[in-house]
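First to last, the sequence lines map onto chains A and B. Per our numbering, the very first residue in the first sequence carries number 368; after that it's consecutive. Per our numbering, the very first residue in the second sequence carries number 143; after that it's consecutive.
Everything labelled a hint here was simulated from the structure, so no lab data went into it. Model, not experiment: these values are computed from the prediction. Be aware that a few hints might be false.
[What the hints assert, rightly or not] Incomplete in silico selection of chain B near chain A, CB under 8 angstroms:
id: 1; residue: T324
id: 2; residue: L377
id: 3; residue: A487
id: 4; residue: A502
Even glycine gets a Cβ: it sits at the ideal position worked out from N, Cα and C.
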Amino acid sequence: MATTNERDPDGWQARLASRFARMGAVVQDTENDAVAAGVVGAVSLAGAFAGFLVTSPYTSVCIVGFLLSVGYGWVRHQELAAKGVTMAMTVSTVVILSLITVFIFYEAWPILQDRSGQVLGVTVPGLELFTTTAWTPAEGTPRYSMLPMIQGTVLVTIIATAVAGPLGVAAALFISEIAPAPVREVVKPGVEILAGIPSIVYGFIGFTVLSPWASDQFDLVGQGTYLFVGIVVGLMALPTVVSVAEDAINSVPESMKSGSLALGTTDWQAMTTITLPTAFSGVSAAVLLGVGRAIGETMAATVMLRNTPRVAEPLYNVFYGFETLTSLIAANYGSSSGLQKDALFVAGCILFVSVLTLSIGSQLIEERMDHDLGRAE
Amino acid sequence: MAGAAESTVVREDTSTYEAVAGLTVGLAAILFFLGLAATVDIVSVTGTLAGLGTLTALGLLLVVMGLAVVAFGLASYRGIFPTDPRASAGLVAATLFSGLWFLVGALVGSETLGLGFGGGLAVGLLVGAVGFAATALPREDIGSTLPAGALAVLFGLVFLLGVVGPEWSWSPASFPDSQSVTFFARTIAPFAVILSALVVGWAAAKAYGGFGARGRHLGAYLLVYLNAIAIIAVLVALVAFVVVKGFAPVTESVTVGLGVGPATTIALFGFSYEVVWPVNWPFLMNGASLFTDVTGVFPAIVGTAWLVVGAVLLAVPLGVGAAIFLTEYAEQGRFTRVVEVATNALWSTPSIVFGLFGAAFLVPRFTPQPQKSLLAGMITLGFMLLPLVVITSREAMIAVPDEYRDASAALGVSKWQTIRSVVVPAAMPGVVTGVILGVGRIAGETAPLLLTMGGGSFVGAGQRAKVLDSFQLSLSPPFVTNPELTQATTALPYQLYQVVLTGTGETAGVTDITAFGWGTALVLLAVVLLFYAVGIATRQYFRSKLTYE
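Work the whole structure out from these sequences, hints included.
This is the structure we're talking about:
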């Protein structure tokens, strides 16, 4: 430690010290009762959180303490209290969001540990969940393979993206560039309302109308196909693609389009040679977000699929739908316990991580587009 | 661009060509709708159409249109009609056509010629490559008409020559028996017709525009407009379908008149007063019971209402407060950036993951015994709503121009006063709209409720969540308890899921469960779309009122 400090005199210790000094100065400048109220408030909020974690009945006491201190601060030092309360709200938002991550992985850990496997002498937790293809929780030696569900999710997502991607980008182009104003006033809210139709309603229509129709048309054994789940999910992911892609297309500076039109290009030429290439990263971010929505869609899949985890054969057989990661959780959570329940959390982790990656990836792409446009202007 | 002026002059006598091309686009539209009608069995594939067998008639149309499109290309190529085509139809068109022709080739190779998977792949690649070359290499007028016309002619001939007759069917051998698929002519033919109509219509629209920039413009606009119309049509069809199916069960034995409705007792400070509703709407006012004529969704409506109230109470203050801090107090830097990325990521996190979190974190923490509860459902949905509130509130506050803040500061007003009386009111429209749209979304959310709140498939009216009546004070901590909040209950989307689980038939005193399901779906849709309508209307209203420039 000493050596690092010698090389870097302005290390973390110094920074911490200066931070404390600044904090001390702030405390010195503030009136005593305000500091006291702030400390009481912070301590009781932390107490309430701790109390909730350990299921203590005294949680409510801590909450009352927090409210009282905030009330006192509000009356006497509104300026400071407002800043403190909004900061507490930010912190709780961040804490809530991190708790979600922590708890899903915490609950999934037992089965990951139990089903670990060896690769080149290294123990990989949860490896056995991916080396078999059987999901048989009721048998003597229960197997929990994630592979059938991963196949289902991949097939559904591919079909949904094939539906939502091209149609969504075309609709975004239509709304932001092509449609005359009165038409846009109809189409844009229309697409938003499409996003508003609850997934269970889509699922119910799929369950009562589409699935029987598909079984009849293709002479299937039983009901439930990845194909139609994918189409329905694609329809549900469509509004996400449209709204994000539309934002990206709108953010292309008007001057660039006008420049192109002034050179005598048609509208469509301006779109394909100027607008779309410039908005390309934003549009791909939109498609990525759409993929994320499709991966996470639950109820339509749960209701329309067979809910018996199996691998569809051949691997591209989209006419039989068994289970996706999301429908596995929704259909089995109520009746599962022990390792099986933990396996559901593993499915949750896979979903969470893949959607998180897609979301962060699309945000980075969008940021790059803003950056590029900023430079272009 | 001397050529442009020249061609406008010459264009005078191209009207016949344009008229024929326009006619072909119209025919393609008719073909498209015929195909659509055949998918939903309005036009029977096994029946007749205009005196001929349906497939023969469709095949004839396809061949005629395919030949017409090829003729446009040739006529343009030979210079019979003046057009201004580019050197090539472009890579996008070439890729799409090669994909289509690859599929055709692969299917014919592997199944008709019996070459198996590898052989089919090889034939497909070959045909796809030919398709690509035929589109990309020749001049645009040939490249965009020949592959399109050939596809339509091929499908047309297949129907005309009876290779695919009305009773044709095909089951791929590579599928195991337990997962077998059979393709029937009645299923495949309409899709082939729709596909060819799209391709031929696009090529004819290009020909109508005389190829080149104008032709591409027309061809692309045709498809883009069609796409927009299709999306709106799907939306209208979905809503209309639910309304038609659900209207009868929802409005069953509704009576209006003084004193016909159920009585509600309002008890306040020891006084009690009984109100008798002037309307009796059984589907909305009854629960499930053996003793009522009409099974209703009253408990589910109450549950959804409480869920929305709870989620909004939790998420809106927290989210708006966090947005104020992030926008106004915090230094714009790494911290705000990380929070922003995290909230965006959480907004796209699947709802079932929130459900898992609620089940693992919230459900075990409510006494007396851990069970699914209304409170857990409220908090889970609140957490789902939270990122959206933060995102929209931040956007709205960032959109408030800095001049507003500066003007307020110049008057000597403190920071918090500025926020309270300038920033928040100016950002209010955006926040309100965002919250309303978000509420519409969580009101229809089902997956988290399965894991955190739902209980009971068909709940009687007496078992609804009576939250207000059940607060209890006690002397030992936690001092305030409410057993209704810590009990499982139902909600509209959950009720609909229960209908699906139950399947069809008669159960729990519900005579026709499918009709009951459609009714529930209609009520849920009405509730959610009401939120959306209000949200969108609010936004339009404020947008017309408020412009910051």
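Hints, verified against the model:
{"no.": "1", "hint": "T324", "in the structure": "holds (4 angstroms)"}
{"no.": "2", "hint": "L377", "in the structure": "holds (5 angstroms)"}
{"no.": "3", "hint": "A487", "in the structure": "holds (4 angstroms)"}
{"no.": "4", "hint": "A502", "in the structure": "holds (5 angstroms)"}
When each numbered hint is compared with the structure, no violation occurs for any of them.
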